[in-house]
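A.B. asks: As they're listed, the protein sequences go chains A and B.
Under the UniProt record's numbering, the first residue of the first sequence is numbered 1, with each subsequent residue one higher.
Under the UniProt record's numbering, the first residue of the second sequence is numbered 1, with each subsequent residue one higher.
Please note that the accuracy of each hint is not assured.
Claimed, not checked - Computed cross-link-like contacts, DSSO-like style, restricted to lysine-lysine with a CA-CA straight-line distance of at most 30 Å: (1) A:Lys-290 x B:Lys-224; (2) B:Lys-71 x B:Lys-91; (3) B:Lys-310 x A:Lys-223; (4) B:Lys-26 x A:Lys-160; (5) A:Lys-160 x B:Lys-310; (6) A:Lys-290 x A:Lys-160; (7) B:Lys-310 x A:Lys-290; (8) B:Lys-91 x B:Lys-265; (9) A:Lys-103 x A:Lys-290; (10) A:Lys-290 x A:Lys-68; (11) B:Lys-124 x B:Lys-224; (12) A:Lys-160 x B:Lys-224; (13) A:Lys-103 x A:Lys-160; (14) B:Lys-26 x A:Lys-103; (15) B:Lys-124 x A:Lys-290; (16) B:Lys-224 x B:Lys-71; (17) B:Lys-24 x A:Lys-103.
Stated by the list, open to error - Below, a sample of chain A positions facing chain B; criterion: calculated Cβ distance under 8 Å: (18) Phe-24; (19) Val-29; (20) Tyr-33; (21) Trp-107; (22) Ser-112; (23) Gly-115; (24) Thr-119; (25) Leu-131; (26) Ala-216; (27) Thr-220; (28) Tyr-232; (29) Leu-293.
Everything labelled a hint here was simulated from the structure, so no lab data went into it.
Note that the coordinates shown come from a computational prediction; the quantities given were computed from them, not determined experimentally.
Beta carbons: idealized from backbone N, C-alpha and C, even for Gly.
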Amino acid sequence: MRSSRLSAGSAVFQVVNYTFLGLFTLSCVFPFYYLFINTISDNSLSSTGYITFYPRGVHFNNYIDVLKISGLGQAALVSLYRTVVGTLLTVGASAFLGYLFTKREMWGRTLSYRGVIVTLYFSAGLIPWYLTMHNLHLTNNYLAYVLPSIISPFNIILVKTYVESLPASLEESAAIDGAGYLRIFGSIVFPLCMPILATITIFSAVYQWNAFVDTAFLMTDTKYYTLQYLLYRYLNEASSLANLIKNSSDLSAVNVQSMQTPTSIRMTVTMIVVLPILLVYPFFQRFFVKGILLGAVKG
Amino acid sequence: MAATSGKLELEAQAPYFRRGLPNKYKLFLMAFPFLVVTFLFFYLPIYGWIYAFYDYFPGIPLSKTPFVGFKWFRTIASNPIQTEEVLRVMKNTLAMSGLGIATSFFPVVFAILLTEVRTGWFRKIVQTLTTIPNFISWILVYSIAFTLLSVDNGLVNTLLVKLGIVDQGINFLASNSNVWGPMILWYWWKSLGWTAIIYLAAIAGIDQELYEAAEVDGASRFRKIWHITVPSLVPTFFVLLLLAIGNLVNNGIEQYFAFQNAMNKDTIEVLDLYVYNIAFSNNFPFATVVSMLKSIISVFLLFLANGLSKWVRGESIL
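So that you can see chain A by itself, here it is in the shape it has in the complex (with noise of 0.2 Å):
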């Protein structure tokens, strides 16, 4: 009797529990798909809220249309310009201060340590840190995107953690073959570290390309925009975005099916920033879920 209680129970949860499950990850995807089918689909009738859960009036326009919007293949540069340099030269000199910060023999070791890994709990605050990067001429500046982030507190333990794990025999025998400091963290220490540089890249990539808050303190010249703050701006200025429209006459579409509305702008724009992100996560989801977890046991 008992047992065929607890294992009804036990069906009842199953299935709210699958249906739960289910029904939250559908609501992560369903977005995605919900923007993709109305950016392809007749602009007139996503427009008016016609296209809900298949598309309707295939066509790809949307996507060439797009480009041609004055301002948007410099903001797609730009976006592209910080995350690869930016993530370089994070991960560069995370790597190499992670390396320097596990030679004991270095001159004031522990207090430059600290003093980079306290940065990671204090901050002067937001307004102090804008006008400090007035004052160093980095507003409308490109290099106010990159140099801030060449310091990663966080990247720095994760390597140098890495680093003492190594077994030390390996660059001691290259120092006794009488390489250097440099030499060192070239041949022996960097390639070893991959593991962990792989997994710091692909967060720094993804933070560069999703960062918007600095172009909105830093930025006021429109060629400094990123695509993430194109997008806000489109999203915040309806008005201005019709207007566009009009103006732009690459835009003026030969029939209505294609014709460009805010909302299938819009709709692109977001598209457009959204997909290399989709494209990348599943090849490196291991590595992301590494990430969390090493930073869970950093604790």
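Assemble the complex: chain A is given as a structure, and chain B must be docked to it using the hints.
C.D. replies: This is chain B only, laid out in the frame that chain A set:
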């Protein structure tokens, strides 16, 4: 600290490095440029606190602006409008942090539910797909919200009107009365799957023999969860809770910046966003004052959380 090589070994290998400058200075010189960068972007801003003591206005150099002492600090208490505004912002800040802490068991529940799924492929799909939202920016989340909830062509309003639940679309995103709840929902939509990974790893680390022993004793699924899984997640939960307490006044700006509009400003403005908004209206001294007080309070809270951790767990969280 994995001290791989002892002091003796280091001294033994030191001569091989020696070319001119002693190694200890050579190493420091190599790190020096990076220390300068750290100083410029993390320590120099502390000097920026002096703006709190001047009647600074952008465009006029600080040397030509009058020093006013604690004038801007006093306005928090002496100027009724200012007081009211700060209280409103503090209320929003603590409400968002409070709701975050009150719902911080969500990822625990999610992780437990996910481990109860016995179908391998289903579990894998759920885990993979629910972590995706964590990797898109808040701007993109807002764009999705905008697309789904927009008044004239959003999916939600279209369905509501079609089903006859409402006559006219509701403007969900431009309302002052309904901000905190949706904000916390969007927050968990973005980070539930991701945060759950920490707990999933903790569950994977539980000794399977505990479950087997419980099974032999006739424990049901729910008893096993309650008496084995939940207790073994408590330490992780506690650490994350302490970190949340340390970050009580740091909600971050991104989510609120993205969702902010003229209609919901009163209830969405948390400290970080407020500071941005007052700076944007060119009141730099007062924005600096708020930044500064916030930094000091959050350091205090961090020490408090760390002290709590040492007292309860005997371990620091920093």
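A.B. asks: Next step is simple, just say for each hint if it's right about the structure.
C.D. replies: Tested hints:
1. Simply put, Lys-290 of chain A and Lys-224 of chain B have alpha-carbon atoms about 28 Å apart, close enough for the 30 Å limit, and the pair holds.
2. Between Lys-71 of chain B and Lys-91 of chain B the CA atoms are separated by roughly 24 Å; this keeps the pair inside 30 Å, and the hint holds.
3. With a C-alpha separation of about 50 Å, the suggested pairing of Lys-310 of chain B with Lys-223 of chain A is violated against the 30 Å cut-off.
4. Under the criterion of a C-alpha separation no larger than 30 Å, the hint pairing Lys-26 of chain B with Lys-160 of chain A is consistent with the structure, at around 19 Å.
5. Using a Cα cut-off of 30 Å, the hinted pair Lys-160 of chain A and Lys-310 of chain B holds, with the two alpha carbons roughly 25 Å apart.
6. Among the hinted pairs, Lys-290 of chain A with Lys-160 of chain A is consistent with the structure: their alpha-carbon atoms are about 16 Å apart, no more than 30 Å.
7. Distance check on the hinted pair: Lys-310 of chain B and Lys-290 of chain A sit about 27 Å apart at the alpha-carbon level, within 30 Å; holds.
8. Of the pairs offered as hints, the one joining Lys-91 of chain B and Lys-265 of chain B holds, with about 13 Å between alpha carbons and a cut-off of 30 Å not exceeded.
9. Proximity of Lys-103 of chain A to Lys-290 of chain A is assessed by CA-CA distance (about 26 Å); at most 30 Å being required, the pair is judged to hold.
10. The hinted pair formed by Lys-290 of chain A and Lys-68 of chain A fails the criterion: a straight-line CA distance of about 40 Å is larger than 30 Å.
11. The suggested pairing of Lys-124 of chain B with Lys-224 of chain B holds, with an alpha-carbon distance near 23 Å, which does not exceed 30 Å.
12. Of the supplied pair hints, the one linking Lys-160 of chain A and Lys-224 of chain B is violated, its CA atoms being roughly 40 Å apart against a limit of 30 Å.
13. Between Lys-103 of chain A and Lys-160 of chain A the CA atoms are separated by roughly 10 Å; this keeps the pair inside 30 Å, and the hint holds.
14. In summary, the hint linking Lys-26 of chain B to Lys-103 of chain A is supported, as the alpha carbons are separated by about 11 Å, within the 30 Å threshold.
15. Taken as a hint, the Lys-124 of chain B and Lys-290 of chain A pair is honoured in the structure, with Cα atoms around 16 Å apart against an allowance of 30 Å.
16. A distance of roughly 61 Å separates the Cα atoms of Lys-224 of chain B and Lys-71 of chain B; the hinted pair therefore is violated under the 30 Å criterion.
17. For the proposed pair Lys-24 of chain B and Lys-103 of chain A, the alpha carbon gap of about 9 Å is at most 30 Å, so the pair holds.
18. A distance limit of 8 Å between C-beta atoms decides the matter here; for Phe-24 of chain A the minimum to chain B is near 6 Å, and the interface restraint holds.
19. At its closest, the beta carbon of Val-29 of chain A sits 5 Å from a beta carbon of chain B; the interface hint therefore holds under the 8 Å criterion.
20. A cut of 8 Å between beta carbons decides the hint on Tyr-33 of chain A: the least distance to chain B is about 11 Å, and the hint is violated.
21. For Trp-107 of chain A, the interface hint holds, the least distance from its beta-carbon to any beta-carbon of chain B being 4 Å, beneath 8 Å.
22. At about 6 Å, the closest approach between the beta carbon of Ser-112 of chain A and any beta carbon in chain B falls short of 8 Å, and the interface hint on this residue holds.
23. At a threshold of 8 Å, the smallest CB-CB gap from Gly-115 of chain A to chain B is about 7 Å, leaving the interface hint in force.
24. Nearest Cβ of chain B to the Cβ of Thr-119 of chain A: about 4 Å, under the 8 Å cut. The hint holds.
25. Nearest Cβ of chain B to the Cβ of Leu-131 of chain A: about 5 Å, under the 8 Å cut. The hint holds.
26. For Ala-216 of chain A, the suggested interface contact is upheld, since its CB lies about 7 Å from the closest CB of chain B, less than 8 Å.
27. Interface restraint check for Thr-220 of chain A: the shortest CB-CB distance to chain B comes to about 11 Å, outside 8 Å, so the restraint is violated.
28. The beta carbon of Tyr-232 of chain A comes within 5 Å of a beta carbon in chain B, closer than 8 Å, and the hint placing it at the interface holds.
29. Annotation: interface hint on Leu-293 of chain A holds; nearest CB of chain B at approximately 5 Å, less than 8 Å.
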